[in-house]
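J.: Residues per chain, in single letters:
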Amino acid sequence: MSEREPIPSPEAFRDEVVKSYPGKVGKKRAKHILVNDPEVPAEIEANVRTIPGIISQRGCCYAGCKGVVMGPIKDMVHIVHGPIGCSYYAWLSRRNQAATGDGIANFIHYAFSTDMQEEDIVFGGEKKLAQACREAYALLKPTAIGLYSTCPVGLIGDDVHAVARQMKEELGINVFGFSCEGYKGVSQSAGHHIANNGLFKNVVGENDTPVDHPFSINLLGEYNIGGDAFEIERILELCGIHLVATFSGNVKYDDIAQSHNAKLNVVMCHRSINYMAEMMESKFGIPWFKVNFIGADSTAKSLRKIAEYFGNEDLTARVEAVIADELAKVVSVRADVASRLAGKTAMLFVGGSRAHHYQDLFSEVGMTSVAAGYEFAHRDDYEGRRVLPTIKVDADTRNIEELHITADDTRYSPRRTPEELAAAEKKGFNWRDYDGMMSQMKKGTLVIDDISHFEMEKLIATYKPDIFCSGVKDKYVVEKMGVPCKQLHSYDYGGPYAGFIGATNFYQEIDRMIGKRISKLISPPWKQQSA
Amino acid sequence: MSLPIAVPSSKRPAATNSCRVCAPLGSVLAFRGLRGCMPLIHGSQGCATYIRRYLISHFREPMDVGSTSFDESATIFGGQSNLAAAIKNMVRQYAPEVIGVCTTCLAETIGEDTEGILREITTEDPSLPPIIHVSTPSFKGCQYRGFHDTVAAILKVTAKAGTPMSHLNLLPGPVSPADLRHLRELVEAFGLPLLMLPDYSETLDGPSLASYAPIPEGGTALADVADAGRAIGTLQLGATLEPGPGASLQRDFGVPLVRASLPIGVRATDAVLASLAAFAATDAAGAAAAAIPAWLSAERGRLVDAYVDGHKYVSGRRVAVVGDPDLAVAVAGFCAEIGLIPVLVASGALTHRMAPALEALGLAPGAFEVMEDADYDSIQRRVIELKPDLVLGPSKAYPMARALGIPLVRIGFPVHDRIGAGRILHLGYRGTQRLFDEVANALLANQQDSSEMGYAYQ
Chain A
4 MSEREPIPSP EAFRDEVVKS YPGKVGKKRA KHILVNDPEV PAEIEANVRT IPGIISQRGC
64 CYAGCKGVVM GPIKDMVHIV HGPIGCSYYA WLSRRNQAAT GDGIANFIHY AFSTDMQEED
124 IVFGGEKKLA QACREAYALL KPTAIGLYST CPVGLIGDDV HAVARQMKEE LGINVFGFSC
184 EGYKGVSQSA GHHIANNGLF KNVVGENDTP VDHPFSINLL GEYNIGGDAF EIERILELCG
244 IHLVATFSGN VKYDDIAQSH NAKLNVVMCH RSINYMAEMM ESKFGIPWFK VNFIGADSTA
304 KSLRKIAEYF GNEDLTARVE AVIADELAKV VSVRADVASR LAGKTAMLFV GGSRAHHYQD
364 LFSEVGMTSV AAGYEFAHRD DYEGRRVLPT IKVDADTRNI EELHITADDT RYSPRRTPEE
424 LAAAEKKGFN WRDYDGMMSQ MKKGTLVIDD ISHFEMEKLI ATYKPDIFCS GVKDKYVVEK
484 MGVPCKQLHS YDYGGPYAGF IGATNFYQEI DRMIGKRISK LISPPWKQQS A
Chain B
43 MSLPIAVPSS KRPAATNSCR VCAPLGSVLA FRGLRGCMPL IHGSQGCATY IRRYLISHFR
103 EPMDVGSTSF DESATIFGGQ SNLAAAIKNM VRQYAPEVIG VCTTCLAETI GEDTEGILRE
163 ITTEDPSLPP IIHVSTPSFK GCQYRGFHDT VAAILKVTAK AGTPMSHLNL LPGPVSPADL
223 RHLRELVEAF GLPLLMLPDY SETLDGPSLA SYAPIPEGGT ALADVADAGR AIGTLQLGAT
283 LEPGPGASLQ RDFGVPLVRA SLPIGVRATD AVLASLAAFA ATDAAGAAAA AIPAWLSAER
343 GRLVDAYVDG HKYVSGRRVA VVGDPDLAVA VAGFCAEIGL IPVLVASGAL THRMAPALEA
403 LGLAPGAFEV MEDADYDSIQ RRVIELKPDL VLGPSKAYPM ARALGIPLVR IGFPVHDRIG
463 AGRILHLGYR GTQRLFDEVA NALLANQQDS SEMGYAYQ
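Read top to bottom, the protein sequences are chains A and B.
All residue numbers for the first sequence refer to the numbering used here, where the first residue is 4 and numbers rise by one.
All residue numbers for the second sequence refer to the numbering used here, where the first residue is 43 and numbers rise by one.
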């Protein structure tokens, strides 16, 4: 391990990987593997179907809809219409948390399924689904019920939306369905979009109670893995910023129903929720911009941008006071950790935002992200939203409904006039902004979309990063290779890593992982060659 | 409407907190016990991902599984080209010795002729490694069935007739890697050559390595499975299997089949060892080896001694057992043996065989409740009624145990809230010893923790 071969250039690595596939497959994969130039991000192939037999990290449409976006809404009941496995697999396996306590309905520990049997496949399962709604309602009296289609449902023609309408009428609560069959789209990304559409059509705007607060916001694309949303909630409260709804970590149905009355939308995970931000702006006039609460400096920057948006002196002063106070606690830990970690290398292959966001935490302790990529992101998440008009719409994307939203007749109320938006922009304030991952990564780093297991193994063997960030599916491969692996999906039971406390947690965690000496025991002394 | 009391999961409109998972998961697990095998799931990509992440969170080991990644056109027109491409790509990247193909609900719902497609693919390219197919629709069965159907499929296409050989076939069922290692030790203690199917004792509990092998070492070679038709006999573990995958070897090749409950407890282990001794004696050269080895007698002695010492802490306490049918039955049998009262034995799978199997192990009819095809919501309702002092089951039983304040001893699958699931030894005198200590200690700890005195001396 100590003797290293000369390190191949990223170009050489790319060529070697491409060559090891059958011809056509190699040609396809070549478009997903780029050597980065931040000045002129090259075009990357993303959000296209994974090649059969190439072992991918990707999940399915249902996973993105029920598992990611909808599942965390805590006072809803989510009924999965299909054979048993799909419900079981999405049963809190994402480790999204939700506060509980007296009078707070929290049903996220429940997993409901229609457990379809052969006769349901043959004769249809709509009656069973309707009965399931009645039964779940009797059991828990939820605020609302969501119905989620799995693969067989679309094929046998069960109409979850018709069942939803019927049950909404009968039970007197909101019931709505999602056609999120697993075969739709190319990854969980399709499911995010379908969930956004469903939430927008069926929930947002259902509760017109005004939000009586001068600084009210929604936080979009934060799912409270490992308690991240709790930390962000803590910070926003210290700042005097009122959080109406988080989409969808630690959130109640009614918060989302009322979210159209907030004054601003800020977006964490651009990939999974940008649709919602766009639609809410078109219909209700709520402006949005991107934030990042992963990283202490990033958190400070995001808070300052929110304060700038509101343009209130008291708020700005309070935000600055909070930042000063919180950063003071962070910097000593950071300096200590950086003294050991500066110059080390990280690789990140996860999600649709996390592979980008977590680079901020690594750079805060002086580490370099030498290779990164997303599991299910689109070109705009790599290259920035400026490429949106040039993204080709393929058959897989066309099959996902695109809602065309116009201004609400009575409730459209632009929080900023077009003139105000333009004036702010002129002064350097970016709206609807996301520059993507590639402009932030150094020249000569590797960017790999939808990395395969095979490529990942080669990447680690070739470059031996000091830490690799991924998910549980890769974790034990990486660790078998003697490289520490941090799970950025479930946090390995750790977290939070967002905000100020989260940053401190993360620095210490990475310090511990990179500093551990156990990997030195892998080769027994009797097998180690004498020098 | 009134709420159901213990309606079977599959009959219940809203199955609530499932106690079983899908069939291809069991299939993938079984395929991982073949040497050099890459499992390939035909249908939706998400299924492979979910199954991998679930097995990984239990075993904490790499779990590479391919998918044929159906798109919407494959969903409509069939996945023939996806399957061909997937096989080609997997061969190129991993050079597997064998590919195990199981199916998702999607492929099964569209009525895909996977068998026929595979025949075409292998005819077209004879250089491909052997490909074994098993149909695993989850609307017809769960992981338990997927596992055993896969073992049956491997035997069906691989086992051949031939001159008799001296080895024993062992079909262990879905037990832990530690169990598999111990079973090998037991069989070898009788001087019997062993063919165990599947054997994921190394592939799913392997060492840290300086150089990583994409397909882990270990597992039973397909070439050896071919000899299954020539064995001196088959020992099939699992009290509810009817008739189980070993039956085809008896029918097609005349290999004697001995069926036994999983060896958990003194009596159940005695029975399995007696079978092994009998097999060893049928082999002419092995007649002398048919005695129970001394180290096993010693382990038995220590176990019985522990029973005597610990009996007062467990006797008369009530337990609920949750798990795969064969494991739940065997563990309940062990509980009864040490004086615990199994008040509820529950499984998510449906076999119709658990009650008779429990009676065959000596449990008095009517003294216990059996729930098959159960979900945790129904189990919890019964547990509230039956008030056990202890639950033995997988991690999914934890929310119930926590809500009701009952200690949980983790067994079976999945155990994803503790480390070492692959190293849980359930079987043999040694596994029973570990289980007995853990059960007694869980009861002691609960008594101690809930006591006002909190004695540290018992």
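These are calculated hints, taken from the structure and not from any lab test.
Just so you know, these numbers come straight off a predicted model, no measurement behind them.
One should not assume that every hint holds.
If the Cβ cut is set under 8 Å, some of the chain A residues that face chain B in the computed set are [to be verified]:
#, residue
1, Ile54
2, Pro55
3, Gly56
4, Ile58
5, Cys63
6, Tyr91
7, Pro155
8, Thr348
9, Asp397
10, Thr400
11, Glu404
12, Ile408
13, Phe457
14, Tyr466
15, Val475
Keeping only pairs whose Cα atoms sit at most 25 Å apart, straight-line, the calculated DSS-like set for lysine-lysine is [what the hints assert, rightly or not]:
#, chain 1, residue 1, chain 2, residue 2
16, A, Lys144, B, Lys202
17, A, Lys31, A, Lys332
18, A, Lys30, B, Lys130
Some chain A residues flagged as far from chain B (calculated, every beta-carbon gap over 10 Å) [stated by the list, open to error]:
#, residue
19, Gly88
20, Asp118
21, Gly127
22, Met484
Ideal placement from N, C-alpha and C gives every residue a C-beta, glycine not left out.
J.: All the hints need checking, so say for each whether the structure fits it.
T.: A quick look at each hint next to the structure:
1. Ile54: 6 Å, holds
2. Pro55: Constraint on A:Pro55 satisfied, holds at 4 Å.
3. Gly56: 3 Å, holds
4. Ile58: Where the cut-off is 8 Å and the nearest Cβ of chain B is about 5 Å from A:Ile58, the hint holds.
5. Cys63: Check passed: Cβ of A:Cys63 comes within 2 Å of chain B, closer than 8 Å.
6. Tyr91: Holds, because the Cβ-Cβ distance from A:Tyr91 to chain B comes to roughly 5 Å (cut-off 8 Å).
7. Pro155: OK, holds: A:Pro155 within 8 Å of chain B, min 4 Å.
8. Thr348: Since the shortest Cβ distance to chain B is 19 Å, the answer is violated.
9. Asp397: 10 Å, violated
10. Thr400: 11 Å, violated
11. Glu404: 14 Å, violated
12. Ile408: 25 Å, violated
13. Phe457: 5 Å, holds
14. Tyr466: With a minimum Cβ separation of about 14 Å from chain B (threshold 8 Å), the hint on A:Tyr466 is violated.
15. Val475: Constraint on A:Val475 satisfied, holds at 5 Å.
16. A:Lys144 - B:Lys202: Cα-Cα ~59 Å, so violated.
17. A:Lys31 - A:Lys332: 48 Å, violated
18. A:Lys30 - B:Lys130: Cα-Cα ~16 Å, so holds.
19. Gly88: 3 Å, violated
20. Asp118: 4 Å, violated
21. Gly127: Holds, since 12 Å exceeds 10 Å.
22. Met484: A:Met484 is in fact no farther than 10 Å from some Cβ atom of chain B, at 5 Å.
Hints 8, 9, 10, 11, 12, 14, 16, 17, 19, 20, 22, counting from the list given before, are not met by this structure.
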